[in-house]
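**Student:** So the sequences go chain by chain: U and F. Counted from 1, the first sequence has number 214 at position 214 by our numbering; the numbering is strictly sequential. Counted from 1, the second sequence has number 57 at position 57 by our numbering; the numbering is strictly sequential.
If you're looking for bench data, these hints aren't it; they were derived computationally from the structure. Any given hint could be a false lead.
Claimed, not checked - In silico DSS-like cross-links for lysine-lysine, where the CA-CA straight-line distance does not exceed 25 Å:
| hint | chain 1 | residue 1 | chain 2 | residue 2 |
| --- | --- | --- | --- | --- |
| 1 | U | 35 | F | 88 |
| 2 | U | 115 | U | 148 |
| 3 | U | 109 | U | 28 |
| 4 | U | 90 | U | 69 |
| 5 | F | 44 | U | 109 |
| 6 | U | 138 | U | 148 |
| 7 | F | 51 | U | 141 |
| 8 | U | 271 | U | 35 |
| 9 | U | 109 | F | 88 |
| 10 | U | 283 | U | 141 |
| 11 | F | 88 | F | 128 |
| 12 | U | 162 | F | 51 |
| 13 | U | 90 | F | 88 |
Note that the structure is predicted; figures quoted are calculated from it, not measured.
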Amino acid sequence: MLKYHYFPGCSVLGTGRACEESTQAVIKELGVELKEIDDWNCCGATAYMSVDEHNALALAARNLALAEKEGATQMTTPCSGCYLTLNKSKHYIEEYPAVGNRVKGSLRKAGLEYKGSVRVRHMLDIMVNDVGLDTIKKHVKVPLKGVKVAAYYGCQTVRPFKDFDQQHFPNKIDELCQALGAETVYFPLKTRCCGGSQMGTLPQVAQRLVFAILREAKRQGANLIVSVCPLCHFNLDSYQPEIVGRFHEDVSIPCMYYTQLMGLAFGIDPKTLGLQRNLTWDKCFLRKQFTPAGVGA
Amino acid sequence: MPLFSLEKKGTILSKGGPPDIMDVTTRHIKYQADCDPSFPAAIKKIPGCEKLDSCIQCGTCSGVCPLSIYMDMTPRRVMNLVRYGFKKEVMASNTIWLCSSCYACTVECPREIKVTDIMYALKQMAIKERAYPRRFAMVVLANEFYKMVRARGRVNEIHLVTRLNLLTNPLKMLSMARLGIELIRRGRFSLRPESVRDPRRIREIMEYTENGNGKEARSKC
Numbered sequence: 001m002l003k004y005h006y007f008p009g010c011s012v013l014g015t016g017r018a019c020e021e022s023t024q025a026v027i028k029e030l031g032v033e034l035k036e037i038d039d040w041n042c043c044g045a046t047a048y049m050s051v052d053e054h055n056a057l058a059l060a061a062r063n064l065a066l067a068e069k070e071g072a073t074q075m076t077t078p079c080s081g082c083y084l085t086l087n088k089s090k091h092y093i094e095e096y097p098a099v100g101n102r103v104k105g106s107l108r109k110a111g112l113e114y115k116g117s118v119r120v121r122h123m124l125d126i127m128v129n130d131v132g133l134d135t136i137k138k139h140v141k142v143p144l145k146g147v148k149v150a151a152y153y154g155c156q157t158v159r160p161f162k163d164f165d166q167q168h169f170p171n172k173i174d175e176l177c178q179a180l181g182a183e184t185v186y187f188p189l190k191t192r193c194c195g196g197s198q199m200g201t202l203p204q205v206a207q208r209l210v211f212a213i214l215r216e217a218k219r220q221g222a223n224l225i226v227s228v229c230p231l232c233h234f235n236l237d238s239y240q241p242e243i244v245g246r247f248h249e250d251v252s253i254p255c256m257y258y259t260q261l262m263g264l265a266f267g268i269d270p271k272t273l274g275l276q277r278n279l280t281w282d283k284c285f286l287r288k289q290f291t292p293a294g295v296g297a
Numbered sequence: 001m002p003l004f005s006l007e008k009k010g011t012i013l014s015k016g017g018p019p020d021i022m023d024v025t026t027r028h029i030k031y032q033a034d035c036d037p038s039f040p041a042a043i044k045k046i047p048g049c050e051k052l053d054s055c056i057q058c059g060t061c062s063g064v065c066p067l068s069i070y071m072d073m074t075p076r077r078v079m080n081l082v083r084y085g086f087k088k089e090v091m092a093s094n095t096i097w098l099c100s101s102c103y104a105c106t107v108e109c110p111r112e113i114k115v116t117d118i119m120y121a122l123k124q125m126a127i128k129e130r131a132y133p134r135r136f137a138m139v140v141l142a143n144e145f146y147k148m149v150r151a152r153g154r155v156n157e158i159h160l161v162t163r164l165n166l167l168t169n170p171l172k173m174l175s176m177a178r179l180g181i182e183l184i185r186r187g188r189f190s191l192r193p194e195s196v197r198d199p200r201r202i203r204e205i206m207e208y209t210e211n212g213n214g215k216e217a218r219s220k221c
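Looking at chain U on its own, in the form it has when it is part of the complex:
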């Protein structure tokens, strides 16, 4: 049985709750064991790196040290931001001895030791490479016919690290969706930035970036956008009325996490997957088909 140490991240405790719910439901169905890292802390995200580089790396490294203490060799996270920050921290500690010594020094102060024995992996990587598409195919109970997916990877899933997919035109989510019986459309903006936290600080710019992504998905004939990261999902899913009003073009399109789509195909109840938490679920064409009475029908 596959077993990993799990780093949830702050997002999934609040606005990204559905990400956690659907990941746990799907992972359980696939028979993978996740053990949450005890007393984990915020990875620091992009905001921390803007204030103090050393503290940002040390903060992320604390999680790595905690996982090592629990005897982990592989840890995984569903959030692309956390994945990047934890991985970046690991790379910098190992590549720059000066950084490594300082980080190790501050961790020692808190009674922790960093040895570098744990590998940071993205949840998507676990799904497509460790569990494998064949196993996923076997679990499909309701093939997703008529679903045309625009797979949105976001920026930090494949940049700057390319541990598990191509960097310029990644296709793992596409392959995953095809295994679920859905179609995927050609989507050139699949790794273009959604604006991230700029949605809070500079909405006039971030909304324009999201508008471009939504419009392109629609233009390519997609009827669903599938995303990975809680922040991308929040930006794509939550601001559609504002964006439609501002740019006078109907770009509204349902959005969900790839784990939610997997869950639907596995015949899991939409409520367990947290689909009711998505703002675009109310008008989603899949809703009728997958309301509890319709499952498996």
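Starting from the known structure of chain U, fit chain F onto it as the hints suggest.
**Tutor:** Just chain F now, with coordinates in the frame of chain U:
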């Protein structure tokens, strides 16, 4: 229309309006001696920024940047200004604040310069030296995030966004009412302050370098 209240004060060539051609005494250009060579030196010391000098000014970073069209200086230009020491100009541009860390430039750079890391280094420097307008949203967000993690070890997004709006533009809360109600209705509006078991452990880690520890380790390497 300017994006920020931050105006193009520091641009090098023009000061707005056509130059007075008979004004032969005012210098409109900058000499190399006016530049600050300690600026690129400080940046290059930061991990990830050491390859700055190998930039060939090809402009790939600006081409792939999804935000460069909103910037007053493109990333390519910032790279060149940094390495020749135009500190004031770089610090006054909105480029470093628009960067949303998508790493497209870092991945595409043919000289393997980690442009995103240089942007981070510039942000850190600007925050340390308070070289940003008052109540500037990006800095407020970064600082509030920093404080929250320092105090609790974890972040609650709702608290963070509320603090951001209160400190920058309280009226903006009104425009976010729809979203707030939706989030409450869907159980995503969590007000519970998240925390690690003992936040003091987090502070210990941070104070280690703030008190000047670990510097010897740095100079040794």
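**Student:** Indicate, hint by hint, whether the structure satisfies it.
**Tutor:** These are the hints, each one checked on the structure:
no., hint, in the structure
1, U:35 with F:88, "50 Å, violated"
2, U:115 with U:148, "45 Å, violated"
3, U:109 with U:28, "38 Å, violated"
4, U:90 with U:69, "16 Å, holds"
5, F:44 with U:109, "28 Å, violated"
6, U:138 with U:148, "21 Å, holds"
7, F:51 with U:141, "52 Å, violated"
8, U:271 with U:35, "23 Å, holds"
9, U:109 with F:88, "38 Å, violated"
10, U:283 with U:141, "24 Å, holds"
11, F:88 with F:128, "14 Å, holds"
12, U:162 with F:51, "21 Å, holds"
13, U:90 with F:88, "34 Å, violated"
Checked against the numbered hints above, the structure breaks hints 1, 2, 3, 5, 7, 9 and 13 and satisfies the rest.
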